[in-house]
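Protein chains: 2
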Amino acid sequence: MARTQGSHSDITGPRVREAALRLFAQNGYAAVSMRQIAGEVGVQAGALYNYTPDKQSLLFDLLRGHMDDLLQARAACAQPDDPLAALEQFTRFHIRFHHDRPEAVFVSYMELRNLTPENFEIIEGLRRCYEDQLEDILRRGVTEGRFDVAEPKIAAMAVIAMLTGVNTWFRDEGRLSLPEVEEIYWGMVRKAVAA
Amino acid sequence: MARTQGSHSDITGPRVREAALRLFAQNGYAAVSMRQIAGEVGVQAGALYNYTPDKQSLLFDLLRGHMDDLLQARAACAQPDDPLAALEQFTRFHIRFHHDRPEAVFVSYMELRNLTPENFEIIEGLRRCYEDQLEDILRRGVTEGRFDVAEPKIAAMAVIAMLTGVNTWFRDEGRLSLPEVEEIYWGMVRKAVAA
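Those protein sequences? They're chains A and B, same order as listed. To convert, note that position 130 of the first sequence is 130 in UniProt numbering; the numbers rise steadily by one, no gaps. To convert, note that position 115 of the second sequence is 115 in UniProt numbering; the numbers rise steadily by one, no gaps.
Bound conformation, chain A alone:
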């Protein structure tokens, strides 16, 4: 019986998260009730509490899940020793990963303000962990005389903001394909940090 219940949770959990993500993205965290989320999933409001203790936990799960996915996908990438190759790899990875999940990206940025201080600190730590990877690439490039970057931490945040910005304007049916957009951004990033 425990197994059946487990399986049920396994199916419903992702559906709860998907529904919450969709509603938070559309209306904002503060405007969405647990009742609405339950309605979207097709369960009673009371049943929702089998899957999550409250709305804050749901938000935290979504934001932490997004960062876990990001860090895992990044860890699965080849990590070239050459700083220029590593920077190109990071640039293309970032654009593609964020393109594939616009709602999670939007909610992750927009709802930071609605996390409790403890939860905010955890998410901030994961974000820093990702930024540090780019900062390390930039530092390595500076050490090897390949890059000229005065402040690698700030340059990392500048590059990440630029790349994440693709989500605000890119449309799959637009004039340029995603690989073409990657190429344009990679050209700008490469030059921006060049020695």
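No wet-lab data here; the hints were simulated from the structure. Misleading hints may appear alongside valid ones.
In this list, chains with the same sequence are indistinguishable; a pair is considered to hold if it fits within one copy or across any two.
[Said to hold, decoys possible] Mimicking SDA-like on lysine to any residue, the simulated pairs with C-alpha atoms at most 20 Å apart in a straight line are:
1. K153 with E173
2. K55 with P117
3. K153 with K191
4. K55 with E135
5. K153 with N167
None of the values given here were measured: they were computed from a predicted structure.
Let chain A serve as the given structure and place chain B on it in line with the hints.
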């Protein structure tokens, strides 16, 4: 009497907009009621309708006001003929203007989704107008052989996203002053578009 009423509106209007901006930034548009805004201003909910017909008009006024301020402040700047000088001017102006009003910037980005289609189109037009100014500088630089930019429109959006990103991490009490941050970003922008 008309004059007294006019003066009263002149005082209350800005206070209504300030209260709405603060509440939208904190909680999101969908979670804020006209009653809450009235409470924040210290007037009866009914009285609020003397100043604005509804919450959508208030949001639209805020977003249009932000873009009007941006375009007016930009129009008041010197517009150097030299593309490099014009690009530097744009870069520093953008960072400073956005630094000074983080809530308006946050709400302007986050609440686009809550505008009616007609209102969205107007705001989009104003945003495009601003982006076009940077695109024009980039195109001039390309024509004069000073810049190497494959897609000036996309480069303009990339630069704007990078510069607006300063708002997500910069703190006035931090290690670097805003002029120092301007200098770092200007260095990256200059190189990113260099011929």
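TODO: Identify every previously stated hint that the structure contradicts and give their numbers, smallest first.
DONE: Those not satisfied come down to hint 4.
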